[in-house]
Amino acid sequence: MDGRRTSVRVVGIVEEVAPSAFYTNASTFEAVAGASGRAGALFVRAEPGAEARVASDLEDALVEAGHFPSLLMTRGGLREAILDHLVIMLAVLAGAALTSVVVGGLGFATTMGLNVLEREREIGVARAIGATPRAILRVLF
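As numbered in the numbering used here, residues 58 to 198 make up the sequence shown, in order.
In short, the hints are calculated from the structure, not lab data.
Ideal Cβ placement from N, Cα and C applies to all residues, glycine included.
Be careful, since some hints might not be right.
Stated by the list, open to error - Cβ pair distances, simulated, as ranges: (1) Val-144 x Ala-109: 31 to 41 Å; (2) Ala-154 x Asp-117: 24 to 34 Å; (3) Arg-132 x Leu-155: 51 to 61 Å; (4) Glu-116 x Asn-82: 23 to 33 Å; (5) Ile-145 x Ile-70: 26 to 36 Å; (6) Pro-126 x Leu-155: 38 to 48 Å; (7) Arg-102 x His-142: 38 to 48 Å; (8) Thr-167 x Ala-109: 33 to 43 Å; (9) Ala-122 x Ala-83: 46 to 56 Å; (10) Arg-195 x Ile-139: 51 to 61 Å; (11) Ala-107 x Gly-152: 22 to 32 Å; (12) Ser-127 x Gly-69: 21 to 31 Å.
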């Protein structure tokens, strides 16, 4: 960092949706970033249900101290953002599936229409000699 190399012990790697992060204790952070270094991210643990209030209070405190955070997100907010993206993908996939069903249905209807037209005389003769509608459907399929 800043042209300096520092040895650290890696205890695990986690793939996240958010940008890459480096989780460490204060002493390792000071060794890597220097005593005057500032964190690129701040993770705060809050009681369940108090996340939004804590995030708002933290943002107010940072702004009062002259630090203007570029992003403030709770775990619930991140989850909601991911779900919103998944809803968009679901809508696109559902639209593609519906289009496939419509095109398939039109193809089937066209094929059956041509089948009936080609067998028009056979159907007429079968009806004339007393064939039931079920027997005529067996001829078509």
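A quick look at each hint next to the structure:
1. Val-144 x Ala-109: 31 to 41 Å: Check failed, 22 Å falls outside 31 to 41 Å.
2. Ala-154 x Asp-117: 24 to 34 Å: Violated, since Ala-154 and Asp-117 (Cβ atoms, about 47 Å apart) do not stay within the stated range.
3. Arg-132 x Leu-155: 51 to 61 Å: 34 Å Cβ-Cβ, so the 51 to 61 Å window is violated.
4. Glu-116 x Asn-82: 23 to 33 Å: 25 Å, holds
5. Ile-145 x Ile-70: 26 to 36 Å: Since Ile-145 and Ile-70 have Cβ atoms about 29 Å apart, the given range 26 to 36 Å holds.
6. Pro-126 x Leu-155: 38 to 48 Å: 43 Å, holds
7. Arg-102 x His-142: 38 to 48 Å: 26 Å, violated
8. Thr-167 x Ala-109: 33 to 43 Å: 56 Å, violated
9. Ala-122 x Ala-83: 46 to 56 Å: 18 Å, violated
10. Arg-195 x Ile-139: 51 to 61 Å: Given about 53 Å between the Cβ atoms, the range holds.
11. Ala-107 x Gly-152: 22 to 32 Å: With Cβ atoms ~40 Å apart, the hint is violated.
12. Ser-127 x Gly-69: 21 to 31 Å: About 27 Å separates the Cβ atoms of Ser-127 and Gly-69, which means 21 to 31 Å holds.
Of the hints listed earlier, those the structure fails to meet are numbers 1, 2, 3, 7, 8, 9 and 11, in rising order.
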